[in-house]
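> From first to last, the protein sequence lines stand for chains B and P. Residue numbering for the first sequence follows the numbering used here, beginning at 1 and increasing consecutively. Residue numbering for the second sequence follows the numbering used here, beginning at 1001 and increasing consecutively.
Each hint should be verified, as a subset may be incorrect.
Stated by the list, open to error - Quick partial rundown of chain P residues pointing at chain B, CB under 8 Å, derived from the structure: (1) Thr-1041; (2) Lys-1097; (3) Leu-1105; (4) Val-1212; (5) Ile-1243; (6) His-1331; (7) Tyr-1335; (8) Gly-1394.
Claimed, not checked - Using C-beta positions, here's what the derived DEER-type ranges look like: (9) P/Arg-1191 <-> B/Tyr-309: 17 to 23 Å; (10) P/Leu-1399 <-> B/Gln-209: 52 to 58 Å; (11) B/Met-64 <-> P/Leu-1399: 29 to 35 Å; (12) P/Lys-1097 <-> B/Glu-311: 27 to 33 Å; (13) B/Ile-301 <-> P/Arg-1106: 47 to 53 Å; (14) P/Pro-1302 <-> B/Glu-42: 17 to 23 Å; (15) P/Gln-1209 <-> B/Glu-311: 31 to 37 Å; (16) P/Gly-1022 <-> B/Gly-22: 42 to 48 Å; (17) B/Gln-346 <-> P/Ala-1205: 23 to 29 Å; (18) P/Gln-1025 <-> B/Val-24: 24 to 30 Å; (19) P/Gln-1031 <-> B/Asn-2: 38 to 44 Å; (20) P/Leu-1399 <-> B/Gln-53: 51 to 57 Å; (21) P/Glu-1042 <-> B/Ala-290: 56 to 62 Å; (22) B/Glu-42 <-> P/Asn-1347: 32 to 38 Å.
Since the hints were derived computationally from the structure, they do not count as laboratory data. Backbone N, C-alpha and C define an ideal beta-carbon position, used for all residues, glycine too.
Protein chains: 2
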Amino acid sequence: MNYMEELGQKAKQASYLIAGAGTVQKNKALQAISEALIQHTEQILQANQKDMQNAVENQMTSAMQDRLKLTSERINAIANAVLKVVALDDPIGEEIKGWLRPNGLRIRQVRVPLGVIGIIFESRPNVTVDAAVLCLKAGNAVILRGGKEAFHSNQCLVHVMQEALKSVGLPADLVQLVEKTDRETAAEMMRLNGYLDVLIPRGGAGLIQAVVKQATVPVIETGAGNCHVYIDATAELEMAVSIADNAKTQRPSVCNAIETLLVHREIANVFLPEIKKAFDQHKVIIHGCAETAEILGDCVIPATEEDYYKEYGNYEIAIRVVNSVEEAVEHIQKYSTNHSESIVTQNMQNAEYFLNHVNSAAVYVNASTRFTDGEEFGFGAEIGISTQKLHARGPMGLLALTTTQYRITGNGQIRG
Amino acid sequence: MNYMEELGQKAKQASYLIAGAGTVQKNKALQAISEALIQHTEQILQANQKDMQNAVENQMTSAMQDRLKLTSERINAIANAVLKVVALDDPIGEEIKGWLRPNGLRIRQVRVPLGVIGIIFESRPNVTVDAAVLCLKAGNAVILRGGKEAFHSNQCLVHVMQEALKSVGLPADLVQLVEKTDRETAAEMMRLNGYLDVLIPRGGAGLIQAVVKQATVPVIETGAGNCHVYIDATAELEMAVSIADNAKTQRPSVCNAIETLLVHREIANVFLPEIKKAFDQHKVIIHGCAETAEILGDCVIPATEEDYYKEYGNYEIAIRVVNSVEEAVEHIQKYSTNHSESIVTQNMQNAEYFLNHVNSAAVYVNASTRFTDGEEFGFGAEIGISTQKLHARGPMGLLALTTTQYRITGNGQIRG
């Protein structure tokens, strides 16, 4: 039994215990974790300091250093976020359906925990706690594999959580950290069939693709977002500018920000100069089709096929003029990663066409794509945004961390 | 673009069209398929005859030949099964949830097709039609990869289905057969990310493991069944014998038949001789623990650790005497593939304990495990039995071939 199998075995044993724990005990555990984080602030900051020193020595970018850094305010915020999960409804035990068969068998479909969840993530130590408490609330054990840049922070946070779990009579093995941060161990984790019920990567495109390619355990793909806003001919001009601007510039690095703006020919002449004014405030670089260039002039870089596939992730956008809602949908079907798309229109028929034909996790009418988010959807917390169609799609709250079981009761039925 | 990518591209295009088709048109297509199968019986039998000749030349076992063989009765049965799918409710379009956010955004979660489904199966040509029509009814395109032994049968059946689809104005590419039956092409299919939304293997453990190990697209694992019946101390004797016998001997080759029988010490002395009488009628080979051997005598082969992991799939069983329902659950947690397990008991508390602690797709009280089946559950038809926890668990009907989409309508909301 290798290192990862040992972690898997321990997690599986622990998962049986929390699956049987009630909401009261699970909430006690979460409360204990929240309190322990505050109590051990000093210890956590010291561990984080080691990671920060290494980061400086390794010349980590300041943006990355900011992601890695913990402060007492940030630890407070993490502890408060745990209390928000306490307040969420426990999904476990829900009877989703129940029916009686002609032979007298009563079948109930009941919501149960997934079992053991693996999370692979990069250097943000807040994910360590966020992900762990969501898994726990849904009755699962979790194995965390964070980036080596955050190793000391993660080790300390996990230790604090483990002690809190023990203090309420739950096994420490419910939350385990993969302490070997080499790639071979990560690869073993991706092939931990029989122990891991699902593996969720949280991080950049490179990490997610590596997991999708290597994993033999079931994976929930997250994060890739080539999102679109389409401005229909009948769009209300002010609303169109406000939504397109918000979707691009409010926070361009996140997956629900847009990368391409599609504009109906009939409104292009009035809309494009207005959105350019808004974009200019953020110095947005525009890659445009020939017609966009005609309207906006020399500032437009000719858009290539490649641009339409690109997730810029910054103040950069592609703009294309189209002839109809059908052409807009075709563009989206071809280039989109099926994350979030929005139509701005006053035409009900076009809105319906867009909703019925765009095949993405979230489809909007007259709203910004930036709302694709667990908090904004009202899920209270989010473990990630699924961009695959299996199991969970779009923002994943507690329900995504559960499965169902059929419970069948009879009085001696046998099959003839 | 290689061969599989071409199939994937065609399937994806076709999937957009059927996703927008209504129930009426989809049912027309299924009816046309059913009629076309009957009309082309002669042609299908001729194609099957080629496969049967090859089978004889390649000295295929008679059991395998029987699976491969089509007759006009069997084609009739396949055509009738299609009509049963016509009669099923269309799951697409269901509004699962809908809520209003404080900012006025209305969010609806709507059931939509998965998109493109891949099925890899072995030599049963009836699967070709069964699987295709279920995928179609749920609004999906399907790519079928059958065993090369059934190549001519499959080619003919798919051609007949394609012509029927065209006759009702739907694209032939909705149902495609992988005509290259080499392993490399199958491997390409398993890595068809961007085209295949899910891959479902249907067949033996070897096929399923090969798919799980090689696939980079999402997979639904099916079929592995190491199932258990536990006879509790308070079990009603006649019921216990009837259920254990049915679960083992009614059809031992299928995944919901049991492989191990667990018996409470207090009832072992009376139960074991009775079940042996029943088993003897099928010459069931018994691998037993020391106590089983003490009670039943020399006929018992000592059970090894390996026996408890084994899926015999024939008239062979392991029997183990245990001290409590807790010990029975522990055994199941350790050795089961989490498919189906049953407790026979008159003790309500033990029944509840079993239901709450056994972590399998289907858990029974006082009924045979043989009921884990789409038809028996009332789903009308079944694409397989999922033994993983992601997406679908247990018998998979039409719902398992769908996903959901969030549709959000606003009046200009942007994120602050």
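> I'd like to know which numbered hints this structure contradicts. Please list them from smallest to largest.
1, 2, 6, 7, 10, 11, 13, 14, 17, 18, 19 and 22
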